[in-house]
Amino acid sequence: MGGQAMTLTDQRPASEPRIVYNEGYLDEQTKRAIRRALLKGVAIPGFQVPFASREVPMPRGWGTGGVQVTASIIGPEDLLKVIDQGADDTTNAVSIRQFFERVAGSASTTHTEQATIIQTRHRIPETPLAAGQTIVYQVPIPEPLRFLEPRETETRRLHALEEYGLMYVKLYEDIARYGHIAKTYDYPVRVNGRYIMAPSPIPSFDNPKMHMSPALQLFGAGREKRIYAVPPFTSVESLGFEDHPFEPQSFERPCQICGSEGVYLDEVITDDAGGAMFVCSDTDYCARTSSGTSTEGAPQ
Amino acid sequence: MNGEITAGAPGVMARAAAAGEEPSDDFRREVGGHADESGGDMCAASGKVLSVREAGHRYGDRFGCRGVSFDLWPGEVLAVVGESGSGKSTLLGLLSARLSTDEGSVRCQTSGGELTELATLSEREVRRLWRTDWGFVHQNAADGLRMHVSAGGNVGEPLMANGWRHYGQIRARAAEWLERVEIPAHRMDETPATFSGGMRQRVQIARNLVFGPRLVFMDEPTSGLDVSVQARLLDLIRSLVADLGLAVVIVTHDLAVARLISHRTLVMKDGQVIEHGLTDRVLEDPQAAYTQLLVSSILKG
Numbered sequence: 001m002g003g004q005a006m007t008l009t010d011q012r013p014a015s016e017p018r019i020v021y022n023e024g025y026l027d028e029q030t031k032r033a034i035r036r037a038l039l040k041g042v043a044i045p046g047f048q049v050p051f052a053s054r055e056v057p058m059p060r061g062w063g064t065g066g067v068q069v070t071a072s073i074i075g076p077e078d079l080l081k082v083i084d085q086g087a088d089d090t091t092n093a094v095s096i097r098q099f100f101e102r103v104a105g106s107a108s109t110t111h112t113e114q115a116t117i118i119q120t121r122h123r124i125p126e127t128p129l130a131a132g133q134t135i136v137y138q139v140p141i142p143e144p145l146r147f148l149e150p151r152e153t154e155t156r157r158l159h160a161l162e163e164y165g166l167m168y169v170k171l172y173e174d175i176a177r178y179g180h181i182a183k184t185y186d187y188p189v190r191v192n193g194r195y196i197m198a199p200s201p202i203p204s205f206d207n208p209k210m211h212m213s214p215a216l217q218l219f220g221a222g223r224e225k226r227i228y229a230v231p232p233f234t235s236v237e238s239l240g241f242e243d244h245p246f247e248p249q250s251f252e253r254p255c256q257i258c259g260s261e262g263v264y265l266d267e268v269i270t271d272d273a274g275g276a277m278f279v280c281s282d283t284d285y286c287a288r289t290s291s292g293t294s295t296e297g298a299p300q
Numbered sequence: 301m302n303g304e305i306t307a308g309a310p311g312v313m314a315r316a317a318a319a320g321e322e323p324s325d326d327f328r329r330e331v332g333g334h335a336d337e338s339g340g341d342m343c344a345a346s347g348k349v350l351s352v353r354e355a356g357h358r359y360g361d362r363f364g365c366r367g368v369s370f371d372l373w374p375g376e377v378l379a380v381v382g383e384s385g386s387g388k389s390t391l392l393g394l395l396s397a398r399l400s401t402d403e404g405s406v407r408c409q410t411s412g413g414e415l416t417e418l419a420t421l422s423e424r425e426v427r428r429l430w431r432t433d434w435g436f437v438h439q440n441a442a443d444g445l446r447m448h449v450s451a452g453g454n455v456g457e458p459l460m461a462n463g464w465r466h467y468g469q470i471r472a473r474a475a476e477w478l479e480r481v482e483i484p485a486h487r488m489d490e491t492p493a494t495f496s497g498g499m500r501q502r503v504q505i506a507r508n509l510v511f512g513p514r515l516v517f518m519d520e521p522t523s524g525l526d527v528s529v530q531a532r533l534l535d536l537i538r539s540l541v542a543d544l545g546l547a548v549v550i551v552t553h554d555l556a557v558a559r560l561i562s563h564r565t566l567v568m569k570d571g572q573v574i575e576h577g578l579t580d581r582v583l584e585d586p587q588a589a590y591t592q593l594l595v596s597s598i599l600k601g
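Protein sequences, first through last, are from chains A and B.
Numbering of the first sequence is given in the working numbering, commencing with residue 1 and proceeding in unit increments.
Numbering of the second sequence is given in the working numbering, commencing with residue 301 and proceeding in unit increments.
Take the hints with a grain of salt, since some may be wrong.
[Claimed, not checked] If we take Cβ atoms under 10 Å as the criterion, some of the chain B residues that face chain A in the derived model are: (1) Asn440; (2) Ala442; (3) Arg446; (4) Asn462; (5) Arg480; (6) Arg487; (7) Asp489; (8) Phe495; (9) Gly498.
Rather than coming from a laboratory, the hints here were simulated on the basis of the structure.
No residue lacks a Cβ here, since even glycine has one placed at the ideal position from N, Cα and C.
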């Protein structure tokens, strides 16, 4: 990630317009500012660091925070994987991969083990992440207390003073109303025994994967202008009551394509007569399991 | 010594002293057994919940209230009465550390049992006081409640803020308190938005007492309610105060409320305390001209 601007025009056919982008699209000053925010985020796990979110060529809410984080850490030698709800082949995932191929000269992959950077919306891959990998989450609402306390000044104070009674009110209400904690995505976690953090809208099924993960986890919220991080091997504990502890979602049936059990399933509507099948949400994992290719270290 | 303890206009004190009565001391002998003031050191393990000396808060170059002095003991209800704009709410803000003490001193009892100057506490410590030692009942229940969280959740929240993490225990305690304030058990999971004004006010009281505070501030807790509900609520407050040994500062413009529940009364006008004494004494035998006017205009008939 040198400080030099790099032209990419020489890598492209002569017919394309000669627009020169800096490596990773963002200018060097911006990348430095974002890296400073990332460093601070890593130093204070779970703390939301404000940053000056820039415009990127996609609308706010489509992953601009994740794109800016990725842009400031990616280099030509990186292998990028982008998933959208577990899938490598959705429009948003494909266009973000192509974007970085063009502006950062990075190569792309769909293989979880091979990727050095994984940008994700709403899922953590089934294949366990390894040391040296970085996972970048796209975050819509970084503030876990937001819908309970609308004032930003107040929520920052609550975080600073570690006053988290409010978060439990939400869980209390769920149990009082439904008999169990009904929140199944964006399930609040306590990071390193200190800050309460929104894990982005990943299913609560994925929450245990964040705990003591060997990979570096970075979170970018472009619209809300916040960056936060969980360094490798950091405790990430999902909240719960002593008599109603956190329980991740579970699925009774296996994937109907690859037969895997203990994975997160999507319901796919197959006809207009009520037919549906349940298949892996992680397309890379599913494809390789069903083709018999080894998926090292996959869950048993 | 006594001159320091009793707030208010010098004339009032002079008259009281001449009559051989020092109202607040009398009261202490009757109720708390705290009559020993000889030490002169107000700090020394006195059991006071609040000790205020010549305190004032300034808005720009004007004082919202000024020169207020009094002590508050556990089990004691102090009413602050006066017309609107007389500085009652400013005084309440000052005592509860929501407004700064620009003059004089406000000392409160902290968990160690000692009196601590409010102004020296950090924000963290003040918020800790709010969580563990102080309650605040707002005039408008919507200010003190989360209107779209169930009544049980509202009452349970202070417990969760104090580190309770067992759902069953939180719920049981919340249910116990809702019962105490006469909210039917089957409405525990409904939100205060669906409650009547009187019920909301009772939920608010439960929320403020559930964690066992020492001191509760009440800002016109009954003023929006009709008379019969008001009377029941005052009854409830009175019995809770007696059971729990709370100290209460209640701000009201209604002398009838002061008469019903308070032991001592502070009369304010233009940001000053003009009269201070046992409630019965103040209302039966008002000394200051303004108090005489107030009493004669309201309590006749």
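Right, here's what the structure says about each hint:
Below 10 Å, beta-carbon pairs count as interface contacts, and B:Asn440 has none with chain A, the closest being about 18 Å; its hint is therefore violated. The criterion of a C-beta within 10 Å of any C-beta in chain A is not met by B:Ala442, whose closest approach is roughly 15 Å, and the hint is violated. This hint holds: B:Arg446 has a C-beta 7 Å from the nearest C-beta of chain A, less than the 10 Å allowed. Because the smallest distance between the Cβ of B:Asn462 and any Cβ of chain A comes to about 7 Å, under 10 Å, the interface hint for this residue holds.
Restraint check, B:Arg480 versus chain A: the minimum CB separation of about 19 Å is more than 10 Å; hint violated. Proximity of B:Arg487 to chain A is violated relative to the hint, the smallest CB-CB distance being about 12 Å (cut-off 10 Å). Among the interface hints, the one on B:Asp489 holds; its C-beta lies about 5 Å from the nearest C-beta in chain A, closer than the 10 Å criterion. Given hint, B:Phe495 at the interface with chain A, is violated; its Cβ is 16 Å from that chain's nearest Cβ, farther than 10 Å.
Restraint check, B:Gly498 versus chain A: the minimum CB separation of about 23 Å is more than 10 Å; hint violated.
When held up to the earlier numbered hints, the structure conflicts with 1, 2, 5, 6, 8, 9 and fits the remainder.
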